[in-house]
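Once you've looked at the hints, dock chain B against the given chain A.
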Amino acid sequence: MTAAVPRPRPTAMRAATRNRPIRAVAPWIAMLLIALVLPWLFRDYTTGRDNGFMTAMFGQMGMMIVFALSYNMLMGEAGLLSFCHAVFFGFGGYCVAHLLNAVPVVVPLELLPLAGGVCGLGLSAVFGGMATKQRTTAFAMITFGIGELAVTAAIMFQHFFGGESGITTDRQNAASLFGVNYAHGLAVYYLIVAWTLIAALGMFYLRGTPLGRMANACRDNYERAQFVGYDPRMVRFIQFALSGLFAGIGGGLYSIAYEIVTYDAVNAPLSGNALLMAFIGGVGSFGGPVIGAILITALQSGLSLMSNSWLVYVGLLFIVMVTVAPTGIAGILRAHGPIVRAGRLGTLAIPYLRMAVPGLIVLTGLVFLVEMLSFATIGAAEGKTFSLFGFAPNVYAPMPWIVALAGFAAGIVWLRLEGQRFFAVWDDLMTGLAAAAPR
Amino acid sequence: MQLLTDTLLSGLVYGMLLFMLASGLTLIFSMMGVLNFAHASIYMLGAYFAFTISHYIGFWAALVLAPLACGLIGAAIEVWGLRRCHANGHIAELLFTFGLVFIFQRAVMMVWGTLAVPYQVPASLNFPLFQLYGQNFPAYRAFMLLVTALMLLSIWLLLKKTRIGLIIQAALTHPDMVSALGHDVPRVFTIVFAGGCLLAGLAGVIGGNYFSTDSGMADAMGPIVFVVVVFGGLGSLAGCFVASIFMGMVQTAAVMVNGSIASLFAPFGIALGGDSLLGEILTIPLARVSPLLPYVLMVLILFFRPRGLMGARDA
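These protein sequence lines are chains A and B, in that order.
For the first sequence, the residue numbers in this note's numbering are 655 to 1093.
For the second sequence, the residue numbers in this note's numbering are 3 to 317.
The shape of chain A in the complex, shown without the other chains (with noise of 0.2 Å):
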């Protein structure tokens, strides 16, 4: 099972900090600044309002980059595969929304999602002693069983989970720390950041830790790391309980953000979108949830204002990803790092070019059969009407979707094709390099 996982390189990645701090420091002073200047780019100027829609998706992208990263621990550091994430994402938003409510609120609000973290890492102290007995399969399966559980139990008591309705809070009942007006979103997304950014260097910090290490040594071979005289079941529970902290931190940010904590907080499917965004990102090496959190949000946000079976495209690209790339985005991009370093991306240009053509005939042939489909069903009877890059096919006549499907069907045979050439240039191309390197 760990072959799923690519092995990190430790200590050429150590050797290439060690040497260039500023390249070490580099992506996350531009990770911040863009975040800090975002909202402002959104900015409706004449008015001077800001553009509350984005504010608020670009820190749902906050929260889930700390989600999916402490996802990640688990499943690319330690290569536990689990299905209960949520709960203790949504544990810390419960509890952070009753310490909003608890009158008078000891904690100042920026503190708050701190609350949440060692909330959630009460509640993964307590499940992980029972999880990590097992590991692969089985631990995924048990977590799958804690999943359901908590869900099951948010919707049958009223008292802490409030059933279906949930819990509804208010944030300006806490205090501000720095006197800070938290009524608009703007100030709630600036707390989002410095709280994503501590987060994510935490857990950065945590990577290179004798922990991580271990945690890493484990998923590798955990009867050696057995032998060298650790205890397996120990790093994965310590791993698997601050992975909870983190997850609880993010749970806190949700809580503060949206003033309400429904069951959908725990729920099954967003324990699953966290098992998305880190493999679809790439789980191979830090930066990949953070790719795939921002993508899968903004597919989220985005694609499912433009169509309701937006989940379909997501699945796919799942699919899609597990098949061709288990390495997700990061990887993929990381495996052209030694091109680029030799200065030969150019030589990839037109095979990528040849590629994208029957790619877009491709897609744009399943978009069209997707979205016809949804239309001819569900579309049809909201009264609707169907129109796709500016086409407005007849759904009901045969012919746009022969049209549709041979281009599909034609486009995947020539995407064969292109893609076996693309592999036989790339293989050239990496021949080459390792030829070329000195030794």
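Wrong hints could be hidden among the right ones.
Take a look, some chain B residues computed to stay more than 10 Å from chain A by CB distance [said to hold, decoys possible]:
#1 5
#2 118
#3 138
#4 151
#5 188
#6 312
Simulated DEER-style distance windows between Cβ atoms [as the list claims (entries may be wrong)]:
#7 175/B with 958/A: 23 to 31 Å
#8 1014/A with 258/B: 57 to 65 Å
#9 1089/A with 218/B: 52 to 60 Å
#10 1046/A with 302/B: 36 to 44 Å
#11 1003/A with 305/B: 50 to 58 Å
#12 305/B with 1046/A: 54 to 62 Å
#13 957/A with 164/B: 46 to 54 Å
If you are wondering where the hints come from, they were derived from the structure by calculation, not from laboratory data.
All C-beta atoms in this analysis are idealised placements derived from N, C-alpha and C, irrespective of residue type, glycine included.
Frame of chain A; chain B shown alone:
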């Protein structure tokens, strides 16, 4: 008495249906190491296929054709999907089936709509078979019991009395050895996967009209089937059977019980309760907790006996 027999019988029907799903899942899992997340989705597909086929041809055709279609889909998934992921390990295969869940879920909505479809019990079976303590016993329930019992018998015969069954049994525990003896293990995998999906489809055909056929049925059934597989023990069909019947009984019986933990202490003059989370846990009637029970049982059994009731090895 009437309540008891009614509970037992509906628990038995539900349990047998669970077993149809769980037996395929446990065979696939113990043989290929693949936890098929899409198993309940196949069950859902079976019900929807049966709805469409019985609309155009008839229920009896659906009873044969829909499971076959599900079996074919299963074979396609195995050959074109799982086999490619196999090189990347079991987790990649699991993730592949996990992705399929999203697609099937949405595809069903796109083809048949978001609302439940009116998939009805066929008219030829829609009559009370006999009366039991003044309560009608529907013929369809008896039919479900018959189908599941036949399925149980045929699985048993197939596994114990035929050559392919022998190879499947051997491949369950020693796939490398079976392969070394010259058997085509990947083909056996395909057969088992398709067979499991066929059973899931059959469960959908006979369960879809007994319960309801909607796009949420996979989500409702999937977790319970997992619980059954883990509870019964991996690789053990007998354990799977016992666990299915047990879970079916527990779930139907718990709905009838109105007591709570607090009511246990009431005869001793100890009043428990109060307006807190603990008070709520103590006073909530068992009938309302019944959806929670399977998961509590699963976590408990994994904690105390990780290999399940009759499992040959640790989960």
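Problem set entry | Which numbered hints fail | 7, 10
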